[in-house]
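Peer 1: Given only the sequences and the hints, what does the whole structure look like? Please build it.
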Amino acid sequence: MSYADVEILGPGSDTPFQKGRTDRNGMFMFRPDQKGLWQIGLQDGMAHRLALERELTDVKNGYHAAKPAETVSRKTPPGPRVSLRG
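Heads up, the sequence shown is in our numbering, so the first residue is 50 and it goes up one at a time.
I should point out that these hints are in silico values taken from the structure, not numbers from a laboratory.
Please note: incorrect hints may appear among the correct ones.
Unchecked claim - Restricting the straight-line Cα-Cα distance to at most 27 Å, the calculated cross-link-like pairs of lysine-lysine (BS3-like) are: (1) Lys68 / Lys84; (2) Lys68 / Lys109; (3) Lys109 / Lys84.
Peer 2: Put into structure tokens, the structure is as follows:
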């Protein structure tokens, strides 16, 4: 989803860790600062939404280890790429 709104919620928080928009290629990156369950929400303003959860098991020096992502809800075909790389 190009230029989609993105909201990242950190572990145990209702306050957004980061907000932004994907670029023209549907890419958005952020650097998590703690382990736990991260929630990633995207929407394009045209009723297309994507919600993901990502469990980070370790965060050291800007890098992390993660379990495979699990899709919570998907109303659009796969397309947006969300990177959790440090």
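Peer 1: If a hint holds in the structure, say so; if it does not, say that too.
Peer 2: Hints, one by one, checked against the model:
1. Lys68 / Lys84: Between Lys68 and Lys84 the Cα gap is close to 19 Å, so the pair holds against 27 Å.
2. Lys68 / Lys109: Given pair Lys68, Lys109 holds - Cα atoms ~23 Å apart, limit 27 Å.
3. Lys109 / Lys84: Status holds; Cα separation ~9 Å.
Checked against the numbered hints listed earlier, the structure breaks none of them; every hint is satisfied.
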